[in-house]
Amino acid sequence: MPPPPPPPPPVRRWQQFPGRNRFFCDGRIMMARKMGIFYFTVTLIVGTTTLFFVFDCQFLAERITPVIPVVGGVLFVFVMSALLRTSFSDPGVIPRATADEAADIERQIVPSNASNSPTYRPPPRTKEVMVRGQPVKLKYCFTCKIFRPPRASHCSICDNCVDRFDHHCPWVGNCVGKRNYRYFYMFIVSLAFLCVFILACVVTHLILLTKDDRQFLDAVKESPASVIEAVICFFSIWSILGLSGFHTYLVSSNQTTNEDIKGSFTGKRSEEAFNPYGQGNVISNCLDVLCGPTYPSLIDRRGLVPVATPEADPAPEQRRPGAATAAADPRSGRSYGAVHSAQTKPTVPTSQNGHTSVSGRSAAASGQPGHRRAAAAAVAIERPQLLRPPPGGGGGAAMDTADLDLDSLDGSETLSHESRGQTTDSEARSNVALIRLAHSAV
Amino acid sequence: MASKSSKPAGGAEQTEHLSNCLKVFIQRDYSEGTAVRFQSTMPPELEGRIEPAMFDNTLATINEIFMEAEELNCATYCEGCLACLTAYCIYTCMDPHYDKCVKKCSRYIVEQNERYWLPRGLLITDPIERGLRVIEVSVLNEPAPQR
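Those protein sequence lines, which keep their order, are chains A and B. Counted the way the working numbering counts, the first sequence spans residues 1 to 442. Counted the way the working numbering counts, the second sequence spans residues 1001 to 1147.
Take these hints with a grain of salt, some might be off.
Unchecked claim - Quick look at which bits of chain B chain A covers, simulated, 3 or more residues with Cβ under 8 Å:
hint: 1; segment: 1032-1046
hint: 2; segment: 1098-1110
What the hints assert, rightly or not - Far from chain B, some chain A residues (derived; all Cβ distances over 12 Å):
hint: 3; residue: Pro5
hint: 4; residue: Arg22
hint: 5; residue: Pro66
hint: 6; residue: Leu84
hint: 7; residue: Trp171
hint: 8; residue: Ala200
Everything labelled a hint here was simulated from the structure, so no lab data went into it. In this text, a Cβ means the ideal position worked out from N, Cα and C, and glycines have one as well.
Pulled out of the complex, with its shape left as it was, chain A reads as follows (with noise of 0.2 Å):
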């Protein structure tokens, strides 16, 4: 009799993450997909810093003091490790709904018979709550399938949406947002610290050496590494001092770099409006951003997929007491994340000991694409509306403009456009029947 075969290799979540992201050591580091200008920040950073300790230490701290490669070590260190801190960790992203969520608001928002109707509108992409007394819109995310939560913006560079997302940074090769942001500020403040460090460092390196009555070319001559350092730090220091000092102010008024652009709660709407989400004055708005608890990922990038089969058992991880699931990561101990257009057909298994597990977790995404994609046409047929397009929109353009602010453009909405382009196979067929099916129902 032959042997079974093996059994096929477990499949980690982020293998089959939606967002146009990049992941490193098994799902550990999330970054995004471009990362060329990531390279050039390192390379700049240590590059210059490596040159620093080699041709201006020594001689500084013989001179003045040993204590200056001692700040210039602990700079570069919280600098490297706020930057990486950024770099690798999930900004925030708020994972993509599952069909029975998608299709709850489908049905919220769409008025019945509506088709038949001769003033027939488009289903609302808004919806409004207060928060705080402040009316604030919440906006339909046509990739998603979410209302998104107030402050939370989608990327159109990772096709993921963030919570309280600030802005995509190429600098550091990811989006700063809800969880990373405190580790972006710590960055840009450290790294103004050790650029004028460096600057003033290398300045008095070249001063001392001209003062004993030396041409300020022979100087150079003796330590051409001091006036490289010191170009490119006088160029970089302009931009980083003007970016600590313009994330300083949206710390201490507790706004993000979108809402600061787009104007939300400051200029010509300051009489009505203002920031429902301060804390109501400087310090405490610094506290609450800089030093307020951690939130957890909300995407599971380390679970293991459960193999698609209604009798199997899922992993073992999953019987742990007390955890609605679990992850392959000890620390966090559960595994969750709805993935978009995934196949809901979960299990929901009771453990050895009696405890019920959650089955949100082998709702979120199965094993098989092929299960999906058909699960997601499925439902994709059954709701045209929600992806009709507004009136002068077309084709498959639809979605795309659907998702368009008009009113307030920012970088990330305009750019939603091209990151249709890029949808997964799945999404992508989804949406072919869904445009025509629209245009079939016109």
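Given chain A, work out where chain B should sit, using these hints.
Chain B in isolation, oriented as in the chain A frame:
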């Protein structure tokens, strides 16, 4: 489609297929800010299936746990400052306060499901499973509406 039979929780092995049962979603309540909080009004689909007091109690406790998680107090600030001073390496040794609260919520939901909800044919999904967007309540004996 798969069967929807359910047995009361409490030690018996059971497997449920939830894809074809009614799901009720309790949305987030943003009236007090962006802190995690769920609407405590009982959805009409659950009327008659569970006692309002029980529903209120469960929701209130979940909201309380997340309020504790998001609370801005001295302990939170100290944890944040300490993490900053250690270049955030301290989180390799200990769970952040928020993660502990999320685990507490998960344990609470499992207990509530076992004791009160599953005997009434309902199942709460941990909101962390849904990205803290909704609390999904599955009505196990009710088929999903036709789409």
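> Which of the listed hints are broken here?
Replying inline: 6
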